[in-house]
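Mind docking chain L on chain V? Use the hints.
2 protein chains.
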Amino acid sequence: MPLYVFNWEKGMMSMTIRPFILDGNEVAANIKALVEGDVKKLIAGGIIPCLATILVGDDPASATYVRMKANACKRLGIQSVRIELPGETTTEQLIREIQQLNENPGVHGILLQHPVPHHIDERAAFDAISIEKDVDGVTTQGFAQNAFGFAAFPSCTPAAIIAILDHYRLPVLGKHAVVIGRSPILGKPVSAMLLNKDATVTTCHSKTVNLEEFVRAADIVVAAVGKPRFVKGDWVKPGAVVLDAGYNPGNIGDVDYEACLPHVSAITPVPAGVGPVTIATLLKHTVAAAMKAQGY
Amino acid sequence: MPLYVFNWEKGMMSMTIRPFILDGNEVAANIKALVEGDVKKLIAGGIIPCLATILVGDDPASATYVRMKANACKRLGIQSVRIELPGETTTEQLIREIQQLNENPGVHGILLQHPVPHHIDERAAFDAISIEKDVDGVTTQGFAQNAFGFAAFPSCTPAAIIAILDHYRLPVLGKHAVVIGRSPILGKPVSAMLLNKDATVTTCHSKTVNLEEFVRAADIVVAAVGKPRFVKGDWVKPGAVVLDAGYNPGNIGDVDYEACLPHVSAITPVPAGVGPVTIATLLKHTVAAAMKAQGY
Chain V
1 MPLYVFNWEK GMMSMTIRPF ILDGNEVAAN IKALVEGDVK KLIAGGIIPC LATILVGDDP
61 ASATYVRMKA NACKRLGIQS VRIELPGETT TEQLIREIQQ LNENPGVHGI LLQHPVPHHI
121 DERAAFDAIS IEKDVDGVTT QGFAQNAFGF AAFPSCTPAA IIAILDHYRL PVLGKHAVVI
181 GRSPILGKPV SAMLLNKDAT VTTCHSKTVN LEEFVRAADI VVAAVGKPRF VKGDWVKPGA
241 VVLDAGYNPG NIGDVDYEAC LPHVSAITPV PAGVGPVTIA TLLKHTVAAA MKAQGY
Chain L
1 MPLYVFNWEK GMMSMTIRPF ILDGNEVAAN IKALVEGDVK KLIAGGIIPC LATILVGDDP
61 ASATYVRMKA NACKRLGIQS VRIELPGETT TEQLIREIQQ LNENPGVHGI LLQHPVPHHI
121 DERAAFDAIS IEKDVDGVTT QGFAQNAFGF AAFPSCTPAA IIAILDHYRL PVLGKHAVVI
181 GRSPILGKPV SAMLLNKDAT VTTCHSKTVN LEEFVRAADI VVAAVGKPRF VKGDWVKPGA
241 VVLDAGYNPG NIGDVDYEAC LPHVSAITPV PAGVGPVTIA TLLKHTVAAA MKAQGY
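First to last, the sequence lines map onto chains V and L. Mapping to UniProt numbering: the first sequence position 175 is 175, numbers consecutive. Mapping to UniProt numbering: the second sequence position 61 is 61, numbers consecutive.
To be clear, the hints were calculated from the coordinates, so they are not data collected in a lab.
Here are the in silico distance ranges between beta carbons for each label pair:
no.: 1; chain 1: V; residue 1: Leu173; chain 2: L; residue 2: Gly77; range: 45 to 53 Å
no.: 2; chain 1: L; residue 1: Asp166; chain 2: V; residue 2: Val209; range: 19 to 27 Å
no.: 3; chain 1: V; residue 1: Arg216; chain 2: L; residue 2: Gly239; range: 16 to 24 Å
no.: 4; chain 1: L; residue 1: Asn25; chain 2: V; residue 2: Lys292; range: 49 to 57 Å
no.: 5; chain 1: V; residue 1: Pro105; chain 2: L; residue 2: Arg123; range: 26 to 34 Å
no.: 6; chain 1: L; residue 1: Gly239; chain 2: V; residue 2: Lys207; range: 13 to 21 Å
no.: 7; chain 1: V; residue 1: Val209; chain 2: L; residue 2: Pro86; range: 49 to 57 Å
no.: 8; chain 1: V; residue 1: Lys207; chain 2: L; residue 2: Ser206; range: 24 to 32 Å
no.: 9; chain 1: L; residue 1: Glu84; chain 2: V; residue 2: Pro86; range: 54 to 62 Å
Using 30 Å as the maximum straight-line C-alpha spacing, the simulated BS3-like pairs for lysine-lysine come out as follows:
no.: 10; chain 1: L; residue 1: Lys237; chain 2: V; residue 2: Lys232
no.: 11; chain 1: L; residue 1: Lys197; chain 2: V; residue 2: Lys237
no.: 12; chain 1: V; residue 1: Lys207; chain 2: L; residue 2: Lys237
Think of the CB as a built atom: it goes at the ideal place given N, C-alpha and C, for glycine as much as any other residue.
Same shape as in the complex, but just chain V:
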């Protein structure tokens, strides 16, 4: 059932019956354009903003993500230092590596690619990142600052979801947002951010009973499950806004996009939805960290 939705292309009073595709590339380009000026300012002052990425082990998907982030840095004039550690790295070794990056004044942001191998205490490793360099928003302290609404660097994917809502001026206040997923770097922080934007927020997860009914009640659905095409077309309320934070093997989202398309008023595709905005947010945070370190 296609709905009458606002058509931004045709101007303020024009309407269309097709659902609106939330273009992550457009939002990302917008963020990057805003950041470029700061990059030039830093470089003019002799400072190259620098992101250190840490990859532990040889998971091919993680390696791809890190490479994509490094490439995105390069295109914007941000330096990236790639640290690759063997799968056998211990928690202590990883933390020592992070501490060295904390102390290195040439490094402005640190990204530890999630997930790390199971034997590593990921939480301890995340929390070893100094809050000033936690551009990926993974520390315990950063999480709470975000939940209280004053984080310098909220987690990148949640921040990307909010940026998309903001970019397309999709109303959040008073809306019922249903988040599927409760991970520390995605479901929990995006729930907190939507709450801080005055949505009524329901957080669902693997133990939720009648998940479909919760999704069906939502004005805004955030899928952060990590299961391909998990959210079905008939779960979605007519006119809902659907944001898909999933990125499963084969570039497949957590939402059954084709099945949801006829029901939604707006939706993010995968790829070219939340993904590029997440990377743009990481760059934005890195540059902001560099600006702050330089006293701007």
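For chain L alone, kept in the frame of chain V given last:
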């Protein structure tokens, strides 16, 4: 409409038609009984567990709360140091006071009575409390540790609500919990704790549209609004469990208790509901902090 609910007094197979009153005094007594042994152990070792309370200004309700907490300490053999600062105290002066208590090895827990006068940056003051002594669970770091499920000292009122659910073995897993309120020391942390106990959690607030409908869908209702008798009888689903964290002037809760009573399966009264458990939790945390400081 009274429901058939489990009757704990009469044994496993017995049922009753009256709603179950969740007795905060019973839960509090239970917590205190568990703490008494540690208090004796500490005192035998020459250590008196000590809670420092800070009251800024002369709000009579706050003064009463602080006095209640100090009296509760005394009854359990816990020392309390009461610091009373004038209403004109600055944020900096308050933080200096807190830092002195952080450094004082004789003080094991620090409680800054909320709310402080408006001109003070309460968040900065809360966050000046060292995490080891944050027995009231008000720091940013403590909030996130709690949201991630590994806090030493979760906020006392949220922890009290969970303690009541646990004491009466009320099921939480898979239940739909609706929290009314999103304050940093009550609504947000109790939402996080219920989520960590596998409830599906909806957080409502002043901007929620159709609040009654959200409450009506809840298996578990937590009222943390700060408005007397805010939750009406006909908002509550038959058989719901209602926890009232309100404590308004005149010992009135956030829930219209008499009106809700016929609908609920279990409910906390005010007074003698969440309140005494909150205080018992504070004592438990203070003693735990002292035990930890002594290397137990």
